[in-house]
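Engineer: Below are the chains, spelled out letter by letter.
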Amino acid sequence: MSAAEPAGPWHLALVGNPNSGKTALFNALTGSRQKVANYPGVTVERKSGVFQTPGGRSVHLLDLPGTYSLRARSPDEQVTRDAVLGHLAGETAPDMLLCVADATNLRIALRLVLELKRVGRPLMLALNMIDIAKKRGFEFDLDRLSAELGVPVVTSTAVRRGGIEALVARMDTLIADPPVAPGEQAWAPPSSAELRATQREADRILAAAVKVPGRPDTLTGRLDSVLLHPVFGIVILLAVLFVMFQAVFTWATPVMDLIKAGFEALGAQVQARLPEGLLQSFIQNGVIAGVGSVIVFLPQIVILFFFILMLEDLGYLARAAFLMDRIMGGAGLHGRAFIPLLSSFACAIPGIMATRVIDNRRDRLTTILVAPLMTCSARIPVYVLIISAFIPDQQVLGWISLQGLVMFGLYAVGIASALLVSFVAKRLFWRDHPTEPFMLELPDYKLPQPKSILIGLYTKAMMFLKRAGTTIFSMMVLIWFLASFPRPPEGATEPDINYSLASIIGHALEPLTAPIGFDWHINVALVPGMAAREVAVAALGTVYAIEGGTEAAEKIGATLAQNWSLATALALLAWYIFAPQCASTLAVIRRETGSWRWMAVSFGYMLALAYLAALVTYNVARMLGAG
Amino acid sequence: MADVFPDVQACVDLQASVSPLPLGAARRGFCGRIDAIAVNGHAVGLSAGELESRLLELGFVEGARVEILHEGSFGRDPIAVRVNDATIALRRREAMAILVS
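Protein sequences, first through last, are from chains A and B.
Numbering follows UniProt numbering, in which position 9 of the first sequence is assigned residue number 9; successive positions increment by one, without gaps.
Numbering follows UniProt numbering, in which position 98 of the second sequence is assigned residue number 98; successive positions increment by one, without gaps.
These aren't lab readings, by the way, just hints derived from the structure by calculation.
Be careful, since some hints might not be right.
[Unchecked claim] Partner residues are not named here, just some residues of chain A that face chain B (Cβ under 10 Å, in silico): (1) Asp141; (2) Leu142; (3) Arg196; (4) Leu228; (5) Glu436.
Where a beta carbon is used, it is the ideal one built from N, C-alpha and C, also for glycine.
Model the full structure from these sequences, guided by the hints.
Structural biologist: Set out below in C-alpha cells:
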C-alpha cells in the first residue's frame, strides 16, 4: 500500500545507529503488538508492529537492523539498505523513514541523516533519550537543527511515560500533510571523500544547533575505569559470567524438574488410560516425551537471555567483547563469541541462539559450528555413568580425585578442540573472505528497562518454541519410530528395542564401529541417544534389559563394567566429547543458519572427530593393555 | 581512578609534546587530533578503501579530537578511543591507519 491510498496503513521504517535506543522506541510504540520473524533466506530478524495515532490512523512500523551507513557490509545492513531504498522483496516500500538518534551522541547519527536524505523519501529525525541528554547539560536548538538538516525533528524518550507523545502527535500532522521528499532517489555508495565531506557538514550542523557539555558522562567514565581495568575488568567479567553460569544451571533446575515431572505424569496418565499398544507408545514416548524434551530447555533459555538482554541494555556486553577480544581473536573468533560459547556449557541450544549478538555472519557461523563442542550439561549423566563404572575411585598425588581429573580432562579437551576447530574453520571456509576488524562503539551505561527486557524475553521464548519446536519434535517422532518398529514377534524374550530398526541399524553399523570398540548394544543405544544425549544412559539400560531406567544407574554401571573393556569405555567417553548426538542442537543449527548445509557440515565434522578420537583412544588404550 | 581521565589541562600538555604518530602506537592517556586517515598496509583482510570508509563512518575524520581511554588486558590491545563525544573500541592494527598529533 502507498500514501496514495488514504485508508490503508501508513508504513514507517525505523533506521538508526546501533545503540540509538531504536529497539526501545520500537517497543514503546508498538508494545506487545509486534511480530518477530526472519527475512527469507537470511538470518536477519524482521521486527514489525502496529500502533494507532491519536488521529486514529494505524501505522505499520518496521524496525530495521542498526547501521552506521547504507553501504551495507553485512546481511543485516543489506536488509536495512534494501528496505530503505524500497528494493526489499516482499516488503512494502516505506512511506516515511524515521531516523532514531541518541541525543547524547549525535555526531555519527547526523552523518547518517544526511546520507538518508539522498534516498529521496520523506524523512524525520527523532532525538531519542532526550531526558538523559538534557540532564547531562546538552542544549538543543530544534528549529535550527531542523532547518539545517532540512528534515522535521522531534524529541522522544522511549522509557518514560509520555516520552513518545510528541512523536506520535507529530505523526498525525505528517500523515495528513506528508513532508515533501527531499528529492529523487540519488543514493549511491559514498566514496571516502564524500564520507569525509558529509561528516564535516554534520559536525558543522552539530556545532551550530547543539551545545555539548565539555565533559563526557562521568558515571560511564568512572564505571569504565573499573570495569575496563586491565586486571579488575577481567576479574569482574569472570565473576559476572560465573553468576550467570550458576544461575542457568541452578535456577533452572527446579523448573526443569517440574516440567519433566509434569510430562512424565502426563505420560503415566496416557499409559493408564490407553490400551497397551502402538497408539499408547506413540502418544507417551513419541508425542509427550518429544514435546517435553523441547520444553524442558525453556527455563535455561529464559534465564540465559534474561542475563544477556540485561547486560546488552546496560551496555556491558560491548565491554565484555572488548575485554575478551584478544583471547578469542587468537582462535579466529570474535570477542562477542565469548558469551554464546560459555552458555553452551549449559546447553548448546541457548548458546547457538545467543550467537545473534554477533553481527557478522561468518563470525556467527564459526561460533555456531564450535558451540556444540563445549561440554553441555546433557553429557554429564553419560560421563558420570561411565567414569564411575570404569575409573577407579582413587586419589592422584594424594589429594586429586582420579574420577574428577578425568571429568576435567573431558571438559578441557572440549574447549581446546572448539578453539582449534574455529582456527581451522576460519582458514578453511573463509580463506577468501577478509577477517572482520573488531570495531565497536562502547555506548554510555544505561539502566535496563523492565518492559523492554520482558518483551525481549517473550519474543526469544516464542521463537524457540515455534521454530525449534517444529523441527525438534519431528525428529523426536522419527527417533521413536526407529526405536519402535518393527514390533517384536510374539513370545519375544528380549527388550522391544532389540527387534526394531534401531537394532537393525546397530547391527549394520557393527563393522564400522568395531575398530573403535563399540558393539551393537552401544550402537543401538546411540540411536535414541540422538534425541538427547542423556537418553543414551536409559537406552543402555534398555538394551541390556535392565528395569528402572536412569534410577538404576548403579546397576547399569555394574552391567557395563562386566560387558565392556576399559578401552571401550574410554573410547565411548572420547566419542561423546565430539559426537553430534543431539537432534535438538542440529535442528537449532538448521534454524539459526537457515541452511541444511551448515547443519550437515556440523554433523559431518563432529562425527568425523568423534570417530577419530574414539579410534585413537581405543587403540592406544588396547596397546597399553586396557583391551 | 583519577589517572584514567586526564583532565583537559593534561590533554593540552600532552598534545604540545607529541609529534605526529599512528594512534595504534599511542598509549593510554594520549590526547590529540586526527591529522589523516592513511591506510598503508594496515588493512589485514579488508581492502584499504573499505577500512578507510569504516573508520570514517565511526567518526574518525581529520580534525576530530581523540583520546585513548582504555587498553585491553593482554598486549594493551584492543584500545578504547574517545572520538569527540563517542567511545569506539578497535584493535591497534587498524588504529595504525589513524595518524594523530
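Engineer: For each hint, tell me whether it holds in the structure or not.
Structural biologist: Going down the list of hints, with the structure as the test:
no.	hint	result
1	Asp141	violated, 17 Å
2	Leu142	violated, 19 Å
3	Arg196	holds, 6 Å
4	Leu228	holds, 4 Å
5	Glu436	holds, 8 Å
In this structure, the earlier hints numbered 1, 2 are contradicted, and the remaining ones agree with it.
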